[in-house]
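Trainee: If you want the building blocks of each chain, they are given just below.
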Amino acid sequence: MSAEENDKALVARARKGDRRAFDLLVLKYQHRVQRLIARYIRDPEQVFDLAQETFIKAYRALDRFRGDSAFYTWIYRIAVNTAKNQLASDARGGFMVSLNSGGSDESDEPMMEPEALRDGGTPDALAATEELEAAIDRAISDLPEDLRAALTLREMEGLSYDEIAAVMDCPIGTVRSRIFRAREAIEQSIEPFKGG
Amino acid sequence: MKQRQANESKTLRGTVSDWWDDESRADDQEIDALLADVDGVRSHTRDFDLIGGRLRGEPLATRDLLDSINAQLDEIPDAERPCGGKVVSLPRVRSWQNRRVWQGAVAASLFAAVTAVGLTLSTGERAPVDGQAPMQAEGQTDNDRAVMASLNAQELPEGASPATVAAKPQQSRVIEASTAPSTATKLPDWATGRSNSGPDPYVVTHYRMASPEFGTTGPEARAATFDRK
Numbered sequence: 000m001s002a003e004e005n006d007k008a009l010v011a012r013a014r015k016g017d018r019r020a021f022d023l024l025v026l027k028y029q030h031r032v033q034r035l036i037a038r039y040i041r042d043p044e045q046v047f048d049l050a051q052e053t054f055i056k057a058y059r060a061l062d063r064f065r066g067d068s069a070f071y072t073w074i075y076r077i078a079v080n081t082a083k084n085q086l087a088s089d090a091r092g093g094f095m096v097s098l099n100s101g102g103s104d105e106s107d108e109p110m111m112e113p114e115a116l117r118d119g120g121t122p123d124a125l126a127a128t129e130e131l132e133a134a135i136d137r138a139i140s141d142l143p144e145d146l147r148a149a150l151t152l153r154e155m156e157g158l159s160y161d162e163i164a165a166v167m168d169c170p171i172g173t174v175r176s177r178i179f180r181a182r183e184a185i186e187q188s189i190e191p192f193k194g195g
Numbered sequence: 000m001k002q003r004q005a006n007e008s009k010t011l012r013g014t015v016s017d018w019w020d021d022e023s024r025a026d027d028q029e030i031d032a033l034l035a036d037v038d039g040v041r042s043h044t045r046d047f048d049l050i051g052g053r054l055r056g057e058p059l060a061t062r063d064l065l066d067s068i069n070a071q072l073d074e075i076p077d078a079e080r081p082c083g084g085k086v087v088s089l090p091r092v093r094s095w096q097n098r099r100v101w102q103g104a105v106a107a108s109l110f111a112a113v114t115a116v117g118l119t120l121s122t123g124e125r126a127p128v129d130g131q132a133p134m135q136a137e138g139q140t141d142n143d144r145a146v147m148a149s150l151n152a153q154e155l156p157e158g159a160s161p162a163t164v165a166a167k168p169q170q171s172r173v174i175e176a177s178t179a180p181s182t183a184t185k186l187p188d189w190a191t192g193r194s195n196s197g198p199d200p201y202v203v204t205h206y207r208m209a210s211p212e213f214g215t216t217g218p219e220a221r222a223a224t225f226d227r228k
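For the record, the sequence lines run as chains A and B. Numbering that gives the first Met the number 0 numbers the first residue of the first sequence as 0 and each following residue consecutively. Numbering that gives the first Met the number 0 numbers the first residue of the second sequence as 0 and each following residue consecutively.
If you're looking for bench data, these hints aren't it; they were derived computationally from the structure. Even for Gly, the Cβ is constructed at its ideal location relative to N, Cα and C. Please note that a few of the clues may not be correct.
Cut-off 20 angstroms, straight-line C-alpha distance, at most; resulting in silico cross-link-like pairs (SDA-like, lysine to any residue) [to be verified]:
(1) A:Lys7 / B:Ala32
(2) A:Lys56 / A:Val79
(3) A:Lys56 / B:Ala70
(4) A:Lys7 / B:Asp17
(5) A:Lys7 / B:Arg80
(6) A:Lys7 / B:Gln28
Residues of chain A clear of chain B, computed beta-carbon distances all greater than 10 angstroms [stated by the list, open to error]:
(7) Val79
(8) Leu86
(9) Thr173
Construct the complete structure from the given sequences, taking the supplied hints into account.
Mentor: Structure, rendered in structure tokens:
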């Protein structure tokens, strides 16, 4: 079952009233949706609100999701439209935002680097974030070379497991295992630094 | 026990890791496994997002919105939910009760219909009169009799109202219907084809005068028709 089929299976279950299935879709895509919206909207609080709105709209429209496209394509389109509507609304309300500051209005070009989510927060929160970042960096650097390479190819280069297997000249099962073990090791390392 | 939990967690983490990377081989059973431990999936996905974001140099401050999204979804009326009431299954007892309600309603309707028909028959029954339509069998009203009297061309006695005359027994006059064409209106011979003398010259002349083309270009034609007369 491919990723798309997986998502469609979850959509089908959500349509039948299984809210946990929709929970999984939220868990999988919420961070990506937030980052996508952050390319259009500068205010972090607004980004979170719009991300929520995106999922609420998607949930209400689940019956209209025909499955012609992948679920992530569909939800990304909703997110971009929601962000653009917000920009237009802000512009009408006197909060001037140039719609042409990045790409044309019709394109999905991001308007800004996604720095919006670098929420300042309180000094304590900032310190905790920096601590967590440092812990992740340490955990990554402590990984065995083959695990780090596999994880890096996946996360930084966005390669599929097949492509990583070709690059690293190993079976796809090995790639799968290396990435999983790398994540497991990092998770265990950062556990003490994770707050609520 | 702890070992078993650790193994289960490890299995779930592996499943989530593949699923997170869109490399899942998940069949329905594995989806069921994910659905069975949404909190576990939530914890792992949060960590995986942190790790990936850090490797890519992205900001870490994305939020877990699941609780707030669910809080808003809880406020959506049932009618607006995607399932739209399609999966609402009433308890057996409830549906059985509903069926009984329907059966009772149908029985009551049938009873009411039968009663209405019976009452109509018992109160409206009349001995039919041979050769008369049901309305005729109802009997004549005073007005009917007055109308009949006038049709029979009877002279009303002085000072008597039509109703008074109608009250007297009358013999109705039968007017036979005829299929023969009426000869009251006589058509001219030229119109019925009995004449060979052609159309009426007056009509032809005035038709041509009314028509500009003929009126202006054919005065000799008019003369010709007059000649025919």
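Trainee: Against each hint, give a clear statement of whether it holds in the structure.
Mentor: Status of the hints after comparison with the structure:
no., hint, result
1, A:Lys7 / B:Ala32, "holds, 17 angstroms"
2, A:Lys56 / A:Val79, "holds, 12 angstroms"
3, A:Lys56 / B:Ala70, "holds, 14 angstroms"
4, A:Lys7 / B:Asp17, "holds, 17 angstroms"
5, A:Lys7 / B:Arg80, "holds, 18 angstroms"
6, A:Lys7 / B:Gln28, "holds, 15 angstroms"
7, Val79, "holds, 17 angstroms"
8, Leu86, "holds, 20 angstroms"
9, Thr173, "holds, 13 angstroms"
Taken one by one, the earlier hints all hold for this structure without exception.
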